[in-house]
Amino acid sequence: MISLAGRDILHAWGKFVFTGMGLGLLIGVTLVMAGVYRGMVDDGKALLDNSGAELWVVQKDTLGPYAESSSLNDDLYRAILAMPGVAQAANVTYLTMQVRKGERDVRAMLVGIAPGKLGETPGWPPYLVAGRQITRGHYEAVADIATGFKLGDVLKIRRNQYRVVGLTRRMVSSSGDPMLFIPLKDAQEAQFLKDNDAIWQSRRRTEANPAFKRPGDPGLLDAVIASQSSNAFVNAVLVTLKPGHAPDEVAESIRRWKRLTVYTRVQMEDILVGKLIATSAKQIGMFLVILAIVSAAIVAFIIYSLTMDKIREIAVLKLIGTRNRSIAAMIMQQALALGVIGFVVGKISATFSAPLFPKYVLLMPFDSIAGFCAVLVICILASGVAIRLALEVDPAAAIGG
Amino acid sequence: MSRLPLPGRTLALLAVIVPLLALFIYLGLRSGPLAPVAVTVVAVESRPVAPALFGIGTVEARYTYKIGPTFTGRLKRLDVQVGDAVEGGQVLGEMEPVDLDDRIRSQESTVKRTQAALREAQARQSYAATQIHRYEQLFAARMLSEEIIGTKRQELQIADAALSSAREALARARSDREGLVAQRVNLRLVAPTDGVIAVRDAEPGTTIVAGQTVLEIIDPKSFWINVRFDQMSAAGLAGDLPARIVLRSRSGQPLPGRVLRVEPKADAVTEELLAKVVFEAIPQPFPSVGELAEVTIGMPAIPAVPAIPNAAVRREGDKVGVWQILEGALRFAPVKLGASDLDGYVQVREGLKNGDQVVAYSEKALTAHDRIHVVERIPGVAK
Numbered sequence: 000m001i002s003l004a005g006r007d008i009l010h011a012w013g014k015f016v017f018t019g020m021g022l023g024l025l026i027g028v029t030l031v032m033a034g035v036y037r038g039m040v041d042d043g044k045a046l047l048d049n050s051g052a053e054l055w056v057v058q059k060d061t062l063g064p065y066a067e068s069s070s071l072n073d074d075l076y077r078a079i080l081a082m083p084g085v086a087q088a089a090n091v092t093y094l095t096m097q098v099r100k101g102e103r104d105v106r107a108m109l110v111g112i113a114p115g116k117l118g119e120t121p122g123w124p125p126y127l128v129a130g131r132q133i134t135r136g137h138y139e140a141v142a143d144i145a146t147g148f149k150l151g152d153v154l155k156i157r158r159n160q161y162r163v164v165g166l167t168r169r170m171v172s173s174s175g176d177p178m179l180f181i182p183l184k185d186a187q188e189a190q191f192l193k194d195n196d197a198i199w200q201s202r203r204r205t206e207a208n209p210a211f212k213r214p215g216d217p218g219l220l221d222a223v224i225a226s227q228s229s230n231a232f233v234n235a236v237l238v239t240l241k242p243g244h245a246p247d248e249v250a251e252s253i254r255r256w257k258r259l260t261v262y263t264r265v266q267m268e269d270i271l272v273g274k275l276i277a278t279s280a281k282q283i284g285m286f287l288v289i290l291a292i293v294s295a296a297i298v299a300f301i302i303y304s305l306t307m308d309k310i311r312e313i314a315v316l317k318l319i320g321t322r323n324r325s326i327a328a329m330i331m332q333q334a335l336a337l338g339v340i341g342f343v344v345g346k347i348s349a350t351f352s353a354p355l356f357p358k359y360v361l362l363m364p365f366d367s368i369a370g371f372c373a374v375l376v377i378c379i380l381a382s383g384v385a386i387r388l389a390l391e392v393d394p395a396a397a398i399g400g
Numbered sequence: 004m005s006r007l008p009l010p011g012r013t014l015a016l017l018a019v020i021v022p023l024l025a026l027f028i029y030l031g032l033r034s035g036p037l038a039p040v041a042v043t044v045v046a047v048e049s050r051p052v053a054p055a056l057f058g059i060g061t062v063e064a065r066y067t068y069k070i071g072p073t074f075t076g077r078l079k080r081l082d083v084q085v086g087d088a089v090e091g092g093q094v095l096g097e098m099e100p101v102d103l104d105d106r107i108r109s110q111e112s113t114v115k116r117t118q119a120a121l122r123e124a125q126a127r128q129s130y131a132a133t134q135i136h137r138y139e140q141l142f143a144a145r146m147l148s149e150e151i152i153g154t155k156r157q158e159l160q161i162a163d164a165a166l167s168s169a170r171e172a173l174a175r176a177r178s179d180r181e182g183l184v185a186q187r188v189n190l191r192l193v194a195p196t197d198g199v200i201a202v203r204d205a206e207p208g209t210t211i212v213a214g215q216t217v218l219e220i221i222d223p224k225s226f227w228i229n230v231r232f233d234q235m236s237a238a239g240l241a242g243d244l245p246a247r248i249v250l251r252s253r254s255g256q257p258l259p260g261r262v263l264r265v266e267p268k269a270d271a272v273t274e275e276l277l278a279k280v281v282f283e284a285i286p287q288p289f290p291s292v293g294e295l296a297e298v299t300i301g302m303p304a305i306p307a308v309p310a311i312p313n314a315a316v317r318r319e320g321d322k323v324g325v326w327q328i329l330e331g332a333l334r335f336a337p338v339k340l341g342a343s344d345l346d347g348y349v350q351v352r353e354g355l356k357n358g359d360q361v362v363a364y365s366e367k368a369l370t371a372h373d374r375i376h377v378v379e380r381i382p383g384v385a386k
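If you're matching them up, the sequences are chains A and B in order.
Following my numbering from start to finish, the first sequence increments by one per residue and tops out at 400.
Following my numbering from start to finish, the second sequence increments by one per residue and tops out at 386.
Any given hint could be a false lead.
[Unchecked claim] Heads up, simulated SDA-like pairs for lysine to any residue below, C-alpha to C-alpha not over 25 Å straight-line:
1) A/Lys44 x B/Asn357
2) B/Lys268 x A/Lys44
3) A/Lys241 x A/Ser226
4) B/Lys339 x A/Gln227
5) A/Lys116 x B/Ala371
6) A/Lys14 x B/Leu26
7) B/Lys367 x A/Val223
8) A/Lys100 x A/Gly147
9) B/Lys367 x A/Thr205
10) B/Lys268 x A/Lys155
11) B/Lys339 x A/Leu9
12) A/Lys155 x A/Glu248
13) B/Lys367 x A/Pro354
14) A/Lys309 x B/Ala15
15) B/Lys279 x B/Leu258
16) A/Lys358 x B/Asn357
17) B/Lys367 x A/Thr239
18) B/Lys367 x A/Arg169
19) A/Lys281 x A/Pro354
20) A/Lys116 x B/Ala143
21) B/Lys268 x A/Glu188
22) B/Lys279 x B/Leu240
23) A/Lys14 x A/Asp308
24) B/Lys69 x A/Ala225
25) A/Lys116 x B/Glu353
26) B/Lys322 x A/Pro246
27) B/Lys279 x B/Gly320
28) A/Lys257 x A/Ala277
29) A/Lys358 x B/Leu37
No lab work stands behind these hints, which were simulated from the structure alone.
A quick note: this is a predicted structure, and the numbers were derived from the prediction, not measured.
The whole structure should be built from the sequences, with the hints applied where relevant.
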């Protein structure tokens with residue numbers, strides 16, 4: 000049996016393949032768009048994964064530390080460590096800022112990590128791609144590779160210089176900014192430390208306050224200034240649990256006895272995905288839907304016009320007594336072949352272009368499979384229209400004008 | 004139409020489709036979740052681990068002398084400026100004596116007057132003594148009445164008393180004068196020891212209350228660094244350990260030093276241990292008091308022990324361990340870690356032996372089901 004579809008494709012294979020490629024690029028864009036959405040969600044999850052925490056203890060009644068600002072005294076973690084079920088509790092600070100290196104500056108999320116036992120303390124980068132973890136208590140940094148920093152680079156944060164000793168990967172904030180890990184004490188200082196002019200001005204303001212400048216108490220002014228220029232706050236306490244303790248139970252006991260707000264992993268994901276990136280994710284989702292509809296329409300048009308191009312040949316086929324089933328099969332096979340080529344090209348182009356995007360694009364296999372099924376369904380539906388048209392053609396058209 | 008098995012058009016079509024499919028399959032296996040994870044591998048090897056502590060501190064002077072008057076008064080002169088080197092005993096300035104000199108002269112006159120009074124009393128006493136001697140002889144010859152001799156004896160007693168009173172008055176006048184002279188000397192501001200003027204708080208003409216600081220002298224030989232070490236990573240901090248000091252203004256020049264003492268009181272708020280680190284030789288020119296310094300304390304090295312880079316240490320659930328490579332597959336090996344050094348090597352106490360292959364770097368977090376692809380360097384890391 001002769002494959003009508005195969006013969007027809009071979010007849011004008013160049014046109015067919017190029018149409019498939021064009022379609023493929025369109026499908027590629029759709030896949031990338033889905034990848035952008037997945038990437039946004041994954042950025043949020045990566046942030047939670049990388050913190051290594053099972054519970055997040057934050058300022059009471061805030062959605063901190065990622066979605067809202069939160070501020071806790073840095074000695075609260077000791078009280079949390081004493082709660083039953085808590086294995087490790089570590090302070091952490093987060094601050095998004097521009098980090099300068101020479102002339103260039105990079106937007107990064109500064110993470111202050113608490114000193115502690117290697118591998119046990121939550122908040123540390125869980126894996127590296129080069130260099131080593133921070134070993135000194137000050138002036139060392141581990142940078143995400145997306146910052147563009149290299150090992151040994153010297154960065155300037157506020158007035159201190161930090162040496163990049165390690166590089167990591169996929170450590171990003173929920174908005175996709177690469178992370179820079181520095182020791183907690185430096186980060187606390189960086190969060191609070193103002194430029195020298197501001198410090199001078201603040202000192203003068205304090206000096207001008209008669210309440211602090213008493214002749215009989217010369218040390219008072221110095222003490223006040225010293226207390227003004229220190230920072231004993233952190234943004235959150237990351238908690239890991241001992242085996243056999245349910246996160247919800249421990250969270251509830253911290254909430255009840257320490258009167259702080261505590262989030263579990265599920266709640267945190269909900270905050271990040273449901274609140275923090277909700278609007279932008281919906282925006283992308285909307286765009287994805289429009290793109291999918293447009294793609295479907297274009298596929299339908301292409302198949303329709305391919306059929307229209309050979310309406311005369313179909314009429315001839317009918318004239319020589321070809322069965323309707325063979326004609327329908329030919330059109331559908333062509334449509335499916337077009338869809339498969341389009342999908343393959345689309346997947347390849349999406350895979351190659353994904354790393355070029357400034358933000359993370361995550362191409363999930365499930366999305367690809369769903370996309371493939373959608374492409375096939377669209378092709379079948381579109382070919383339905385074309386088949387209907389082809390079957391209705393009058394065999395006389397083969398010889399008519 | 005040709006019925007060859009592979010006509011030209013089919014070949015051309017295949018030439019496009021087959022590479023496309025091959026690329027597709029390759030990408031499907033090489034990217035996304037099915038792709039093997041690039042890792043670098045390092046062998047556990049014996050090496051000496053030299054733990055070290057890192058802290059920051061400020062340069063402080065162990066001895067600071069605050070020089071000021073003990074009396075309220077006006078500053079007359081001040082001969083030294085900030086930065087001047089002074090010697091012990093050197094007069095640095097003086098307070099206005101006001102009427103003190105006049106009072107000393109007045110006291111000198113008082114001394115002279117009491118000396119005259121003393122001489123008078125001596126004369127009276129010696130006359131009274133002579134008189135009583137004479138009257139005693141007359142009385143012995145029964146030429147005088149009892150009453151007269153009694154009067155003379157009383158006169159001698161009075162003269163004795165007047166003499167000792169005059170002596171004491173002179174002693175008092177002299178002491179008063181010496182007191183005033185001492186006060187006069189005390190108006191001078193004198194350096195108690197060799198040192199450098201660090202602060203000059205008042206200018207001549209200023210009224211200074213008793214006890215107020217006019218000058219501050221620091222002894223550069225007593226410079227030390229008040230270093231703060233995080234309590235969490237200060238195991239083994241002790242006196243006499245060698246230290247490497249880097250002053251912020253001289254970042255390229257590490258200076259040798261040693262730990263003088265670890266303070267018995269730690270800082271409970273900042274969770275830091277405090278220690279004093281002294282320079283082996285005070286750097287020239289002197290560092291400024293208050294300058295920030297980074298201090299690295301070398302601890303005795305642990306002779307060759309199995310060690311791994313700290314980047315290899317991962318957490319899996321509640322266990323700390325490493326990803327070991329056994330016959331090309333990943334296995335999480337819980338380990339017990341020991342000492343670590345500042346270069347990132349950490350001693351393995353239990354769980355691994357020399358020669359074991361462990362994952363050092365990986366391009367993402369690993370799980371036991373991941374396929375791995377051992378590389379020299381993780382893609383994307385610059386040389």
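Going down the list of hints, with the structure as the test:
1. For the proposed pair lysine 44 of chain A and asparagine 357 of chain B, the alpha carbon gap of about 37 Å is over 25 Å, so the pair is violated.
2. Between the alpha carbons of lysine 268 of chain B and lysine 44 of chain A the distance comes to roughly 43 Å, so the proposed pair goes past 25 Å and is violated.
3. With a C-alpha separation of about 37 Å, the suggested pairing of lysine 241 of chain A with serine 226 of chain A is violated against the 25 Å cut-off.
4. Proximity of lysine 339 of chain B to glutamine 227 of chain A is assessed by CA-CA distance (about 43 Å); at most 25 Å being required, the pair is judged violated.
5. Our distance criterion of 25 Å between C-alpha atoms is met by lysine 116 of chain A and alanine 371 of chain B, whose separation comes to about 24 Å.
6. Taking the CA atoms of lysine 14 of chain A and leucine 26 of chain B, the gap is about 21 Å. The hint holds against a cut of 25 Å.
7. Restraint check: the Cα-Cα separation between lysine 367 of chain B and valine 223 of chain A comes to about 48 Å, which exceeds 25 Å; the hinted pair is violated.
8. Our distance criterion of 25 Å between C-alpha atoms is met by lysine 100 of chain A and glycine 147 of chain A, whose separation comes to about 10 Å.
9. The straight-line distance between the Cα atoms of lysine 367 of chain B and threonine 205 of chain A is roughly 50 Å, outside the 25 Å bound, and the hint therefore fails.
10. Taking the CA atoms of lysine 268 of chain B and lysine 155 of chain A, the gap is about 34 Å. The hint is violated against a cut of 25 Å.
11. The suggested pairing of lysine 339 of chain B with leucine 9 of chain A is violated, with an alpha-carbon distance near 67 Å, which exceeds 25 Å.
12. Distance restraint check for lysine 155 of chain A and glutamate 248 of chain A: the Cα-Cα separation of roughly 43 Å exceeds the 25 Å cut-off, and the hinted pair is therefore not satisfied.
13. This hinted pair checks out: lysine 367 of chain B and proline 354 of chain A have alpha carbons roughly 16 Å apart, not beyond 25 Å.
14. Simply put, lysine 309 of chain A and alanine 15 of chain B have alpha-carbon atoms about 22 Å apart, close enough for the 25 Å limit, and the pair holds.
15. For the hint pairing lysine 279 of chain B with leucine 258 of chain B, the CA-to-CA distance comes to about 15 Å; that is within 25 Å, so the pair holds.
16. Our distance criterion of 25 Å between C-alpha atoms is broken by lysine 358 of chain A and asparagine 357 of chain B, whose separation comes to about 42 Å.
17. At most 25 Å may separate the alpha-carbon atoms for a hinted pair to count; lysine 367 of chain B and threonine 239 of chain A meet this at roughly 21 Å.
18. For a cut-off of 25 Å, the pair hint linking lysine 367 of chain B to arginine 169 of chain A stands: about 8 Å separates their Cα positions.
19. In summary, the hint linking lysine 281 of chain A to proline 354 of chain A is supported, as the alpha carbons are separated by about 23 Å, within the 25 Å threshold.
20. For a cut-off of 25 Å, the pair hint linking lysine 116 of chain A to alanine 143 of chain B is broken: about 110 Å separates their Cα positions.
21. Taking the CA atoms of lysine 268 of chain B and glutamate 188 of chain A, the gap is near 24 Å; set against the 25 Å cutoff, the hint holds.
22. Restraint check: the Cα-Cα separation between lysine 279 of chain B and leucine 240 of chain B comes to about 11 Å, which is no more than 25 Å; the hinted pair holds.
23. About 12 Å separates the Cα atoms of lysine 14 of chain A and aspartate 308 of chain A, which keeps this hinted pair within 25 Å; it holds.
24. Simply put, lysine 69 of chain B and alanine 225 of chain A have alpha-carbon atoms about 22 Å apart, close enough for the 25 Å limit, and the pair holds.
25. Our distance criterion of 25 Å between C-alpha atoms is met by lysine 116 of chain A and glutamate 353 of chain B, whose separation comes to about 16 Å.
26. Simply put, lysine 322 of chain B and proline 246 of chain A have alpha-carbon atoms about 18 Å apart, close enough for the 25 Å limit, and the pair holds.
27. Our distance criterion of 25 Å between C-alpha atoms is broken by lysine 279 of chain B and glycine 320 of chain B, whose separation comes to about 41 Å.
28. The suggested pairing of lysine 257 of chain A with alanine 277 of chain A is violated, with an alpha-carbon distance near 31 Å, which exceeds 25 Å.
29. Of the pairs offered as hints, the one joining lysine 358 of chain A and leucine 37 of chain B holds, with about 22 Å between alpha carbons and a cut-off of 25 Å not exceeded.
Of the hints listed earlier, those the structure fails to meet are numbers 1, 2, 3, 4, 7, 9, 10, 11, 12, 16, 20, 27, 28, in rising order.
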